[in-house]
Amino acid sequence: MTYATTVRLALAAAVAALVATTGCRLDARDDYLGDKDPKQFNLGHTASPAEIAAVNIDVSPDGAGLPAGSGTPEQGAAVFAGACASCHGANGEGKPPAYPQLIGGPKTFDFASDYKIPRTIGNYWPYATTLYDYIRRAMPLTAPGSLTSEQTYAVTAYLLQREGIIPANTTLDAKALAAIQMPAKSHFVLDDRRGSIGGKNVR
Amino acid sequence: MTEKPISRRMLIAGAAAAAGGVLLTNLPAEAQQKAAAVPPPVVPADPTKVPGAPTTAVGSRSPFVNPQRAPVGEITGTALSPLQDFTGTITPSDLHFTRIHAGIPTIDPAKHTLLVHGLVDRPIEFSVEDLKRFPAVTRTHFIECSGNGRAAYRTPKPAMTPQQVDGMTSNSEWTGVPIMTLLNEAGVKKEAKWFLAEGGDACLLSRSVPMTKARDDALIVYAQNGEPLRPEQGFPIRLLLPGYEGNMNVKWLRRIKLGTDPFMTRWETSKYTDPLPGEKIRMFSFEMDAKSIITSPSYPQKLSGPGWWPVSGIAWSGRGRIQRVDISTNGGKTWVEAELLSPLTPKVHTRFQYMWQWDGNESMLMSRAVDDTGYVQPTMAQLEAVRGPGTDYHFNSIRAWRVARDGTVTFEAAT
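Line order of the protein sequences matches chains A and B.
Taking this note's numbering, the leading residue of the first sequence gets 113, the next gets one more, and so forth.
Taking this note's numbering, the leading residue of the second sequence gets 6, the next gets one more, and so forth.
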């Protein structure tokens with residue numbers, strides 16, 4: 113490489129850097145593909161139904177994703193005592209901040225008045241399906257994924273019953289879980305800070 | 006835990022880590038005692054008169070420099086980044102803050118895959134090597150945990166360092182693939198409005214992200230500051246949503262599922278939501294609003310006397326570029342504009358500096374960021390008036406440092 117070429121390349125790089133830092137475009141990929149790139153690269157392989165099923169574990173508020181099976185609060189009490197109480201306490205009182213209080217929070221939604229108000233399933237969870245989704249994903253902390261579908265329904269039923277959301281004689285299955293209306297749901301609102309763009313509003 | 010040589014200048018946070026991750030309370034005295042017990046580095050009387058050390062396979066910091074994160078030592082929790090030890094804007098990768106929910110997984114990159122499915126024409130599974138064959142982009146962005154500043158809000162103390170006040174924000178150069186490149190490969194169905202991002206850690210952490218973000222600037226990254234991601238930053242791949250709260254930048258990413266509605270995971274309902282007056286709870290508060298903090302002078306520095314002192318810090322906005330940073334030395338009575346030292350790209354830590362001539366009187370240093378949407382970083386009083394004392398997450402109020410006549414600097418929460 114000649115000296116002149118080196119200088120020209122260095123200048124080009126400097127100009128490019130200047131454009132990158134002062135211009136509108138960070139790089140040429142404003143449509144995520146360069147002008148000469150193909151629309152598709154045919155990398156990866158088509159996922160098989162089995163590959164998808166192995167990891168497709170999310171549960172939506174409408175109940176989509178919930179497995180077959182069922183459980184009762186009574187069965188769930190035993191599951192809780194064996195798998196949950198060592199961290200969350202015999203009565204779900206928790207050991208904050210590492211292990212949250214699960215149940216027994218006050219019947220208030222005025223959380224903005226005091227950050228110390230415990231946020232529990234009964235006063236701060238908008239969807240009952242999220243309980244199943246989260247327990248199946250993440251609990252118990254030391255052995256995630258170790259509960260069966262039946263056990264997960266049962267412990268979900270137990271927590272909901274302790275919060276007074278379902279009666280003790282409930283048999284919780286996919287349909288029953290998706291039908292539950294949580295006390296906190298009507299209190300959730302979408303982010304309203306978006307209107308502050310361009311203004312000085314504190315939100 | 007491996008014991009490393011520790012210099013005399015060892016930081017307070019380092020003492021906390023060495024002490025087993027205890028909470029950072031009343032540490033200066035303890036830290037000093039601990040540091041005094043460690044022998045200083047061996048330095049020749051004249052380094053020009055003896056040969057130095059040979060080269061090494063992996064570099065290390067000077068024995069005089071020992072920045073440390075402040076880990077809580079649990080598998081759920083944080084390790085705060087030592088903001089006071091940084092200059093410029095890039096956070097060294099090994100000091101990037103960490104927030105984990107079920108430990109840091111060990112993942113074999115040869116076995117790790119990313120599944121893209123749901124409302125797509127063709128579900129695809131990518132290997133990490135597949136991802137590296139797509140055209141790459143490199144972008145610099147901050148990541149800030151939306152819980153950053155919680156301790157400074159709820160339990161403020163004069164003896165708080167920038168690390169303890171705001172150590173859950175960090176800034177890196179990231180390399181990876183725009184998520185739309187991958188989604189185009191799979192073919193996005195028209196009705197897809199949200200996607201679920203799921204991590205491969207022991208809690209399968211998952212968040213819902215609007216497709217508008219995918220079409221804007223979302224990336225799937227495999228490198229940080231020129232090398233593969235660190236395990237605690239999501240090795241081998243993580244989601245990067247520039248400007249969005251840290252929790253959404255899902256690490257150890259294993260699955261993207263497109264759907265019509267948000268999936269309502271635990272991390273976007275019972276956590277990472279903001280209580281508001283009127284019995285309301287704000288959800289999907291994704292963007293991190295403009296914020297800044299002076300990192301020097303700060304606790305536990307002590308100014309040696311009147312004269313010129315650089316007031317230096319970082320400012321950032323999840324909504325765009327930092328347009329201006331104002332500095333006050335009198336508790337907000339008057340403001341002057343600081344110099345911005347780094348390129349003004351969107352959603353980055355921007356370094357600011359103001360040369361201050363200290364007259365030796367008690368002073369109150371403050372910084373106030375303004376971003377290119379016109380948003381002005383609020384005072385704590387303004388924020389609290391709107392959100393209530395029980396506010397949680399998005400603690401972006403103005404931070405202040407009180408400088409006493411003897412030069413000691415302490416944190417002042419009320420602004």
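Hints in this document: simulated from the structure, not taken from any laboratory.
By construction, the Cβ of each residue, glycine as well, lies at the ideal position given by its N, Cα and C atoms.
Any given hint might turn out to be false.
Output of the computed footprint for chain B on chain A, the stretches with three or more beta carbons under 8 angstroms from beta carbons of chain B [to be verified]:
hint, stretch
1, 170-178
2, 234-241
3, 264-274
4, 285-295
Some chain A residues judged to face chain B by a derived CB distance under 7 angstroms, without partners named [unchecked claim]:
hint, residue
5, I164
6, A224
7, S225
8, D226
9, F300
Right, here's what the structure says about each hint:
1. With 3 residues having a beta carbon nearer than 8 angstroms to a beta carbon of chain B, the stretch 170-178 of chain A meets the requirement of three or more and the stated coverage holds.
2. Counting residues of the stretch 234-241 of chain A whose C-beta sits closer than 8 angstroms to any C-beta of chain B gives 5, which meets the bar of three, so the coverage hint holds.
3. Note: the stretch 264-274 of chain A has 0 residues with beta-carbon separation from chain B under 8 angstroms; the three-residue rule is not met and the coverage is violated.
4. Check on the stretch 285-295 of chain A: 0 of its residues sit with their Cβ under 8 angstroms from a Cβ of chain B, so the three-residue criterion for coverage is violated.
5. Of the supplied interface hints, the one on I164 (chain A) holds, with its beta-carbon coming within about 5 angstroms of a beta-carbon of chain B, less than 7 angstroms.
6. Interface restraint check for A224 (chain A): the shortest CB-CB distance to chain B comes to about 3 angstroms, inside 7 angstroms, so the restraint holds.
7. At its closest, the beta carbon of S225 (chain A) sits 5 angstroms from a beta carbon of chain B; the interface hint therefore holds under the 7 angstroms criterion.
8. With a cut of 7 angstroms, the hint placing D226 (chain A) at the interface with chain B holds, because the nearest CB-to-CB distance is about 5 angstroms.
9. Among the interface hints, the one on F300 (chain A) holds; its C-beta lies about 5 angstroms from the nearest C-beta in chain B, closer than the 7 angstroms criterion.
Going through the hint list in order, the structure does not satisfy hints 3, 4.
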